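Letter by letter, the chains look like this.
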Amino acid sequence: MTPSDPKLAELYTHACKACHGVAGSGAPLTGDKAAWAPRVAKGLIALKTSVAAGYKGMPAGGQCFTCTPADHEALIRFMADQPVS
Amino acid sequence: MTTRRALLTGTALLVGGSAAGAVGYRLWRDREPEGPPATDGAGRLVWRNWSGIQSSYPQARAAPANEDELASLLKTAQGPIRPVGAGHSFQPLVPTSGTLLTLDRMSGVLDHDPEAVTAQVRAGTRLGELGPALARIGQEMRNLPDINKQSIGGALGTGTHGTGLGFKAIHGEVQSFRIATLGGDILDCSADHHPEIFHAARVNLGAFGVITEVTLKNAPLTTVQKRVELRDVSDVCDDWPELKKNHRNVEFYAIPFTGKAAVITVDETSRPVKPRGADEDSSTLMTLKTLRDLFGYAPDVRRFVARKLMDALPAEDMVDEGWKLLSNERPVRFNEMEFHLPVEAQIPALKEVVATIEANRPDVFFPIEVRHIEADDAWLSPFYQRASGSVAVHAYYKDEYQFLFTLIEPIFRRHGGRPHWGKLNSLTAADFRALYPRFDDAMAVRAALDPGGKFLNPYLKKALIGG
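Respectively, the protein sequence lines represent chains A and B. Heads up: the first sequence is residues 1 to 85, going by my numbering. Heads up: the second sequence is residues 1 to 467, going by my numbering.
One chain only, chain A, in its complex shape (with noise of 0.2 Å):
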């Protein structure tokens, strides 16, 4: 999976992906539904709040040096792939 708009996918791949598209890295993988619920369940301001912070495996920013926070929300939305509010 891959987000369609050209930048977002060029963020994706090279941050997001190398641990949310990778099996065994501890993530929730990207389109993973039933991994996302627990984590959709907290709140689009709960999970932007820990992508910016780091928050245990992920590292501050989730390693994206270009990305702004509507990015973050943005890519969040693609790899949970459910609403989010």
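Treat the hints as calculated values from the structure; they're not laboratory data. These numbers come from a predicted model, not from an experiment. In this text, a Cβ means the ideal position worked out from N, Cα and C, and glycines have one as well. Fair warning: there could be bad hints in the mix.
Ranges between beta-carbon positions, derived for each pair [said to hold, decoys possible]:
#, chain 1, residue 1, chain 2, residue 2, range
1, A, Met1, B, Lys75, 35 to 43 Å
2, A, Lys7, B, Gln78, 34 to 42 Å
3, B, Asp267, A, Leu44, 48 to 56 Å
4, A, Leu44, B, Ala60, 24 to 32 Å
5, B, Gly41, A, Ala9, 27 to 35 Å
6, A, Lys42, B, Lys398, 14 to 22 Å
7, B, Gly466, A, Ile45, 40 to 48 Å
8, A, Met1, B, Leu110, 46 to 54 Å
9, A, Pro6, B, Ser270, 37 to 45 Å
10, B, Gly452, A, Met1, 39 to 47 Å
11, A, Met1, B, Asp111, 48 to 56 Å
12, A, Lys42, B, Gly452, 15 to 23 Å
13, A, Pro6, B, Pro348, 31 to 39 Å
Since the structure of chain A is already known, use the hints to place chain B on it.
Same frame as chain A, now just chain B:
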């Protein structure tokens, strides 16, 4: 049942009986470390390294798509200009209030020579992408680091390496590179063209210019067998010279407070593929943490329980293309110090490090990584004209890590070690001048390329110029 899964099962039985009394302390100890604010007073987003201990608020972030964009950018960008790869360095190589520069948009294999078995690779390529890309053209890197998240540019910047007799670090297989300078030029460098830049900047800390692509000497694609086996650490230390001779790639992890070591060997094979399966290293690590949490202040009990769980566990074998097996997922974050020692000093230094940790730091539970790297001729390579044995000590990202400087670094320095450029150390320019015979020559090349120090942040000024 695999080696590590049996360990987890055994520990789970213990944890059930012992957890109740220390819940409050453990919750406090396991809290997420506080980090800097997400933005500074001017609204700039924070950058942090992978482990979280380095941070800054860059004024600008740049992601050029090609050499022309990069060359143009370098002429006008606000300094310090700091290139960032995967952000896995623990030393403050990247923090900048100026321009944070990523080559994430300059990645991929550009070309290859099947006869010479070389590939031309853009510097923003992550090792995890490079493995399958090389496999598609029938090539492989036979020596890879413990993780594959690094960019090629970052790997060259810090002297990243794997392990095995006769295997150089990644920069040791570089035949040529292209580097973008502050003046907006792109220079082709090799042993025959700009040789002084080639030798000085093959390990470059992002302080000479920005490498845009490299030509790597690779090997034909093979299948390998990787074996992970738990043994008594004293036996492994005695057998280390023979292990190095008998296996293509080999390393071991000495596990403090257990008397055990995990030995990892990789050898070419014609056996059928047996894929590696789900990662168990992280769960094993957390089991070691549990043993620390439960028995940290009763080391004899800790050792007894660990040995009970680990003894007589079978070795694990997996067979596949090397790029799928040589590197590992490491989602549990940590901070790390690694020094590269003269070969004859490695095991004595390791024994001293383990004894010091066991005498003073019951909170340490991460295994200590022990590897071998061949000599090369890059002027700032930690392996410059010296085959080396590396010893790497880790601290869980939630734990205090100053002991690395106060207890561990003095041991490494006494044994003649050179630190990994990207990992924790307190050395200054004067120290590096004493350790690297060509240090001043390399600095002369750096100064000629960047007379104003636009690539230097405060740490690099201390490490490379001093004063």
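Results of checking the hints against the structure:
{"no.": "1", "hint": "A:Met1 to B:Lys75: 35 to 43 Å", "verdict": "39 Å, holds"}
{"no.": "2", "hint": "A:Lys7 to B:Gln78: 34 to 42 Å", "verdict": "23 Å, violated"}
{"no.": "3", "hint": "B:Asp267 to A:Leu44: 48 to 56 Å", "verdict": "49 Å, holds"}
{"no.": "4", "hint": "A:Leu44 to B:Ala60: 24 to 32 Å", "verdict": "28 Å, holds"}
{"no.": "5", "hint": "B:Gly41 to A:Ala9: 27 to 35 Å", "verdict": "34 Å, holds"}
{"no.": "6", "hint": "A:Lys42 to B:Lys398: 14 to 22 Å", "verdict": "21 Å, holds"}
{"no.": "7", "hint": "B:Gly466 to A:Ile45: 40 to 48 Å", "verdict": "46 Å, holds"}
{"no.": "8", "hint": "A:Met1 to B:Leu110: 46 to 54 Å", "verdict": "27 Å, violated"}
{"no.": "9", "hint": "A:Pro6 to B:Ser270: 37 to 45 Å", "verdict": "43 Å, holds"}
{"no.": "10", "hint": "B:Gly452 to A:Met1: 39 to 47 Å", "verdict": "45 Å, holds"}
{"no.": "11", "hint": "A:Met1 to B:Asp111: 48 to 56 Å", "verdict": "29 Å, violated"}
{"no.": "12", "hint": "A:Lys42 to B:Gly452: 15 to 23 Å", "verdict": "47 Å, violated"}
{"no.": "13", "hint": "A:Pro6 to B:Pro348: 31 to 39 Å", "verdict": "55 Å, violated"}
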